[in-house]
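Participant: One-letter residues, chain by chain:
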Amino acid sequence: MSFPRITDADGRRVPPAQLFLRYGLLLLALAVLVGPFLWQLSTSLKGPHEDIYSSPPSFFPSEPTLHNYTRVADTIPVWEYAFNSIKVASANVITNCVGAALAGYALARLRYRGKRAATLAFILAMLVPVETIFIAQFITMRQLGLNNTLVGVLLPASIGAMNVLLMRNAFMNLPNEVEEAAFVDGANVWQRFLRISLPAVKGTVAVVAIFSFMGAWDDFLWPLIVLSDPENFTLTIGLNYLHGTFSNDSRLVAAGTMIAVLPLIALFACLQRYFFRGVGEGAVKG
Amino acid sequence: MTSSTAPRAFPPDPAVAGPTRQGSGPGGRGPRGGSTTPTPTPTARTGETGRIRRQLPSSPWLFVAPGLLVVGTFSLYPFLTTLYHSFTSKQALRPGSYVGLANYRELLHDDMFWIALRNSTLYMVGVVPALVLLPLLLALLVERQLPGMTFFRSAFYTPVVASVVVVGLIWVWMLDDRGLINSLLETVGIGKIGFLSDQWLLLLSAMAVTVWKGLGYYMVIYLAALANVPRELHEAAAVDGAGAIRRFVTVTVPAVRTTMVLVGALSSVFAFKVFSEVYLIAGPGGGPAGEDTTLVMLIQRVGGGLTGRVGYASAISVVVFVVTVALMLLVLRFDRKEDA
Numbered sequence: 001m002s003f004p005r006i007t008d009a010d011g012r013r014v015p016p017a018q019l020f021l022r023y024g025l026l027l028l029a030l031a032v033l034v035g036p037f038l039w040q041l042s043t044s045l046k047g048p049h050e051d052i053y054s055s056p057p058s059f060f061p062s063e064p065t066l067h068n069y070t071r072v073a074d075t076i077p078v079w080e081y082a083f084n085s086i087k088v089a090s091a092n093v094i095t096n097c098v099g100a101a102l103a104g105y106a107l108a109r110l111r112y113r114g115k116r117a118a119t120l121a122f123i124l125a126m127l128v129p130v131e132t133i134f135i136a137q138f139i140t141m142r143q144l145g146l147n148n149t150l151v152g153v154l155l156p157a158s159i160g161a162m163n164v165l166l167m168r169n170a171f172m173n174l175p176n177e178v179e180e181a182a183f184v185d186g187a188n189v190w191q192r193f194l195r196i197s198l199p200a201v202k203g204t205v206a207v208v209a210i211f212s213f214m215g216a217w218d219d220f221l222w223p224l225i226v227l228s229d230p231e232n233f234t235l236t237i238g239l240n241y242l243h244g245t246f247s248n249d250s251r252l253v254a255a256g257t258m259i260a261v262l263p264l265i266a267l268f269a270c271l272q273r274y275f276f277r278g279v280g281e282g283a284v285k286g
Numbered sequence: 001m002t003s004s005t006a007p008r009a010f011p012p013d014p015a016v017a018g019p020t021r022q023g024s025g026p027g028g029r030g031p032r033g034g035s036t037t038p039t040p041t042p043t044a045r046t047g048e049t050g051r052i053r054r055q056l057p058s059s060p061w062l063f064v065a066p067g068l069l070v071v072g073t074f075s076l077y078p079f080l081t082t083l084y085h086s087f088t089s090k091q092a093l094r095p096g097s098y099v100g101l102a103n104y105r106e107l108l109h110d111d112m113f114w115i116a117l118r119n120s121t122l123y124m125v126g127v128v129p130a131l132v133l134l135p136l137l138l139a140l141l142v143e144r145q146l147p148g149m150t151f152f153r154s155a156f157y158t159p160v161v162a163s164v165v166v167v168g169l170i171w172v173w174m175l176d177d178r179g180l181i182n183s184l185l186e187t188v189g190i191g192k193i194g195f196l197s198d199q200w201l202l203l204l205s206a207m208a209v210t211v212w213k214g215l216g217y218y219m220v221i222y223l224a225a226l227a228n229v230p231r232e233l234h235e236a237a238a239v240d241g242a243g244a245i246r247r248f249v250t251v252t253v254p255a256v257r258t259t260m261v262l263v264g265a266l267s268s269v270f271a272f273k274v275f276s277e278v279y280l281i282a283g284p285g286g287g288p289a290g291e292d293t294t295l296v297m298l299i300q301r302v303g304g305g306l307t308g309r310v311g312y313a314s315a316i317s318v319v320v321f322v323v324t325v326a327l328m329l330l331v332l333r334f335d336r337k338e339d340a
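Residue numbers (full-length UniProt numbering), protein chains in the order written: chain A, 1 to 286; chain B, 1 to 340.
Hints in this document: simulated from the structure, not taken from any laboratory. Don't be surprised by glycine CBs; every beta carbon is placed ideally from N, CA and C. It cannot be assumed that every hint is accurate.
[Claimed, not checked] Cβ pair distances, simulated, as ranges: (1) Pro254(B) x Val32(A): 22 to 30 Å; (2) Ala326(B) x Thr70(A): 19 to 27 Å; (3) Leu108(B) x Gly114(A): 40 to 48 Å; (4) Gly283(B) x His49(A): 44 to 52 Å; (5) Glu63(A) x Glu106(B): 52 to 60 Å; (6) Pro175(A) x Trp61(B): 45 to 53 Å; (7) Val34(A) x Leu133(B): 50 to 58 Å; (8) Lys202(A) x Leu133(B): 34 to 42 Å; (9) Ala326(B) x Pro175(A): 51 to 59 Å; (10) Leu122(B) x Ser62(A): 37 to 45 Å; (11) Pro284(B) x Gly47(A): 28 to 36 Å; (12) Pro284(B) x Lys202(A): 39 to 47 Å; (13) Thr70(A) x Arg257(B): 51 to 59 Å; (14) Gln18(A) x Trp200(B): 36 to 44 Å.
[Said to hold, decoys possible] Not close to chain A: a few residues of chain B, all C-beta gaps over 12 Å, as computed: (15) Leu69; (16) Ser89; (17) Val125; (18) Arg153; (19) Ala236; (20) Val239; (21) Thr258; (22) Glu277; (23) Glu291.
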């Protein structure tokens, strides 16, 4: 029995049979959840003379090429669309982090008349499904003259009610004493907010940032409604357009989807530590 | 004369009114003191109070205002106008007139509305059980701290990270008549299945995509819940001779039941409002003869564009809103009953 001794975090030995079963299921789930991305990646790398419809399917490209990626750029201005998406997503991160932190702080830590009403407004806004109001949003946006602009894409989600309430919760969980001490030392409300409370809720700010970026980068319905001029398309809308126009060339569409998804996967791979830390902290508690 | 000093000395100073909830501050603090004593110009002061006073624009409303403005303009106001429009004959570029319940009456006789309502409901019924159960199993698989688990967790989250358009296009390619799944099916001798041409298979495929994309998201929610299940319970059950399945049913499920209800509520609300997956897989027209249209797709089609019937689309929106709220209330109610 030279089976490697594998232990869990508590140093307990896990029986080999259980290990085999567990890793077997994990690999199966991996194939189901990640396999389609790999298949798409492989399609995007297949050369023009390869049979992409072969049966049985062949996974590895026999004449791998990056040609399809340059062809996407020839067909639609994919880099401009990507740049539009980056602009909207970055702006969304900034507006959400700043706006939600400010409002969350005021809802959790400051006293003033109308605070309950303000809190209620955010809760109600969170309950309104976006899917039921987008026509009215569109009309509002037209009245503001912002249809078909990236600002119009950005604005409705620029400060999410959900994010405000998340920040509020984070600030409420901070102990009062430190801020009181700072107050006694004469720190004003901005100083207490910026120097004491905000640094203590960095984790929540990071979560808001990650979700804001992904939300804006991935959004489909609202940009589809607001944007009509191909010049201003974001990547998601551009891709749908690419699919509609050139659906007969799967290599091209595959390359387009890879351009849209690879940066995001890379970003997530870099940030996943922060993302799963919350879960890990919970585990320590339990 | 005395009142003329008030506006200057009165700006309610939130730095003072702020976190002194427990009171106990020195007696002569805050705006009151300022208004009674004839203080000289506040700007000339430099003491400890001066540091607080110098930055006057610190009203709490400055903190809340941007958020309230965005949320009010782009959520609450559109919601109210949607309600109002549902009682009018408004069109995209023309103001309508009040028509009472006419839009709602028309809904009752609109075949397309019933098809869409059926599809949205079916979608929910099909997707929710899978999204309550499968992510829990997935979470159990990656829960234990064994080698490689960080990798698996992140990898399982990939479909959540990817844009719904990317996911839709990947699956259209996978499910195509000549796509990967059909060529695998042919290889093993089953033959082709028209996932994208049959009305029901199309809906089923879209459901599968929704489940596939949602697994990782709900897995993370379950992971947080599982972290709080006391290890001792499992050990006690194991000592009593309960196998893995038995322990799942008697220990894990009761411990994460609240989370299951939450996941059920979230996924049913999301599923009922489905748009993108069906739109991308069935096409803007909603599949053959529009038979796969969902409610939100119908709203977009009826109310969008320059000729859109905003009033009618708003009535459909109100229906979606009412069902969504009803679903949440129902689930919450169910949850409370179980606790009692």
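Participant: Indicate, hint by hint, whether the structure satisfies it.
Facilitator: Consistency of the hints with the structure:
no.	hint	result
1	Pro254(B) x Val32(A): 22 to 30 Å	holds, 28 Å
2	Ala326(B) x Thr70(A): 19 to 27 Å	violated, 52 Å
3	Leu108(B) x Gly114(A): 40 to 48 Å	holds, 42 Å
4	Gly283(B) x His49(A): 44 to 52 Å	violated, 30 Å
5	Glu63(A) x Glu106(B): 52 to 60 Å	holds, 58 Å
6	Pro175(A) x Trp61(B): 45 to 53 Å	violated, 26 Å
7	Val34(A) x Leu133(B): 50 to 58 Å	violated, 21 Å
8	Lys202(A) x Leu133(B): 34 to 42 Å	holds, 35 Å
9	Ala326(B) x Pro175(A): 51 to 59 Å	violated, 40 Å
10	Leu122(B) x Ser62(A): 37 to 45 Å	holds, 43 Å
11	Pro284(B) x Gly47(A): 28 to 36 Å	holds, 32 Å
12	Pro284(B) x Lys202(A): 39 to 47 Å	holds, 43 Å
13	Thr70(A) x Arg257(B): 51 to 59 Å	holds, 53 Å
14	Gln18(A) x Trp200(B): 36 to 44 Å	holds, 40 Å
15	Leu69	violated, 8 Å
16	Ser89	holds, 14 Å
17	Val125	holds, 19 Å
18	Arg153	violated, 6 Å
19	Ala236	holds, 16 Å
20	Val239	holds, 14 Å
21	Thr258	holds, 15 Å
22	Glu277	violated, 10 Å
23	Glu291	holds, 21 Å
Of the numbered hints listed earlier, those contradicted by the structure are 2, 4, 6, 7, 9, 15, 18, 22.
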